[in-house]
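Protein chains in written order, with my numbering: chain A, 14 to 170; chain B, 14 to 170.
Just so you know, these hints were derived from the structure itself, not from any lab. A couple of the hints might just be wrong.
Each pair may be met inside one copy or between any two copies, as identical chains are not told apart.
With a straight-line Cα cutoff of 16 Å, these simulated EDC-like cross-link-like pairs (lysine to aspartate or glutamate) come out [what the hints assert, rightly or not]:
no., residue 1, residue 2
1, Lys21, Glu48
2, Lys67, Glu113
3, Lys16, Asp146
4, Lys21, Asp85
5, Lys21, Glu147
6, Lys67, Asp85
7, Lys108, Glu78
8, Lys108, Glu122
9, Lys67, Glu88
10, Lys108, Glu88
Please read these numbers as outputs of a predicted model, since none were measured by experiment.
So the chains spell out like this:
There are 2 protein chains.
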Amino acid sequence: MAKEIERKFLVRSDGWRNFVSNTRSLRQAYISSMEDRSVRVRLENGHIATLTVKIGRTMTRDEFEYAIPVADAEELIGTAIGLVIRKTRHNVPFKGFVWEVDVFEGAHEGLVIAEVEMGDESDNPELPDWVGDEVTGQYRYSNQALALQFEQEYNGL
Amino acid sequence: MAKEIERKFLVRSDGWRNFVSNTRSLRQAYISSMEDRSVRVRLENGHIATLTVKIGRTMTRDEFEYAIPVADAEELIGTAIGLVIRKTRHNVPFKGFVWEVDVFEGAHEGLVIAEVEMGDESDNPELPDWVGDEVTGQYRYSNQALALQFEQEYNGL
Chain A
14 MAKEIERKFL VRSDGWRNFV SNTRSLRQAY ISSMEDRSVR VRLENGHIAT LTVKIGRTMT
74 RDEFEYAIPV ADAEELIGTA IGLVIRKTRH NVPFKGFVWE VDVFEGAHEG LVIAEVEMGD
134 ESDNPELPDW VGDEVTGQYR YSNQALALQF EQEYNGL
Chain B
14 MAKEIERKFL VRSDGWRNFV SNTRSLRQAY ISSMEDRSVR VRLENGHIAT LTVKIGRTMT
74 RDEFEYAIPV ADAEELIGTA IGLVIRKTRH NVPFKGFVWE VDVFEGAHEG LVIAEVEMGD
134 ESDNPELPDW VGDEVTGQYR YSNQALALQF EQEYNGL
């Protein structure tokens, strides 16, 4: 089990694009989702598949991640609840931290979110000037909420 | 992904006890549970750990099972929703099929359930005389329901 400690921000400019060190295509969906936990399947560049259990909703979450066969991931994505999320993830190193800038596609086109993963909650990464409002812990900006947005709208949330 | 095709019965006598071929101790709990799916962690004899996604509620369910580290299983069991299920599973071969007789402990002491796994829905295993009423597909006899029974009672279900 790993601890996932991250802060999340909206992105207000394309200033990050000149500093990308790595880019990959992600397709992910939720197999199960409850108040404080989610079970996610993810396909990276179409050939790396993982099943991830995340527990908690704050800056720090417990994360259990396992490699699974790509064929299983495809089948699991087919049984997903809610939408399949498609996004391109860009790694953007900045002052000792690697930011992940997610550019969403499909149903979430237009949304760009930046996350910075920290080793400890007391870490204090300097914010690049292209990040905007912080949305750490805001459920509506979680991938889980994005995937389930249809149900949310349906329930009037 | 495997298909799990099984029928489930209550057990009305101890007649199976003389024919046990294998016995193991199971501790399992649910990490997530929704209408038609569950995510389960199981520890077998304390040293074989699996994470299992089951989808569907009828005789045939999709089952995705992965080996995980025992330490992860212990941590996941610690975050379980509902009760931890403890049971001893006995394999009981009978006329070409292997029955699994689960003798529950702790909160479910007294409950004994027999399952027979089939290769195909058209298989027709002969029923041993120690099985009682069939409860295939009855949610209240699922391990998921047994684990969540407190919440069920709480909700008046």
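Hint by hint, here is what the structure shows:
For a Cα distance limit of 16 Å, the shortest separation of Lys21 from Glu48 qualifies neither inside one copy, at 20 Å, nor across copies, at 31 Å. Proximity of Lys67 to Glu113 under the C-alpha cut-off of 16 Å is found in neither arrangement, the shortest distances being 18 Å within a copy and 32 Å between copies. In this homomeric assembly, Lys16 and Asp146 never come within 16 Å of each other (Cα to Cα): the closest approach is 24 Å inside a single copy and 46 Å across copies. Taking CA atoms no more than 16 Å apart as the test, Lys21 paired with Asp85 passes in neither setting, with 30 Å inside one copy and 27 Å between copies.
Taking the shortest alpha-carbon separations for Lys21 and Glu147, only the intra-copy value of 6 Å comes in at or below 16 Å, while the best inter-copy value is 51 Å. Taking the shortest alpha-carbon separations for Lys67 and Asp85, only the inter-copy value of 12 Å comes in at or below 16 Å, while the best intra-copy value is 19 Å. With identical chains, the CA atoms of Lys108 and Glu78 are never at most 16 Å apart, being 28 Å at best within one copy and 41 Å at best between copies. When the C-alpha separation of Lys108 and Glu122 is checked against a cutoff of 16 Å, the pair qualifies neither within a copy, at 29 Å, nor between copies, at 58 Å.
In this homomeric assembly, Lys67 and Glu88 come within 16 Å of each other (Cα to Cα) only across copies, at 12 Å, whereas the closest approach inside a single copy is 20 Å. Taking the closest pair of Cα atoms, Lys108 and Glu88 never come within 16 Å of each other, the shortest separation being 40 Å inside a single copy and 34 Å across copies.
In the structure shown, a violation is registered for the earlier hints numbered 1, 2, 3, 4, 7, 8, 10, in ascending order.
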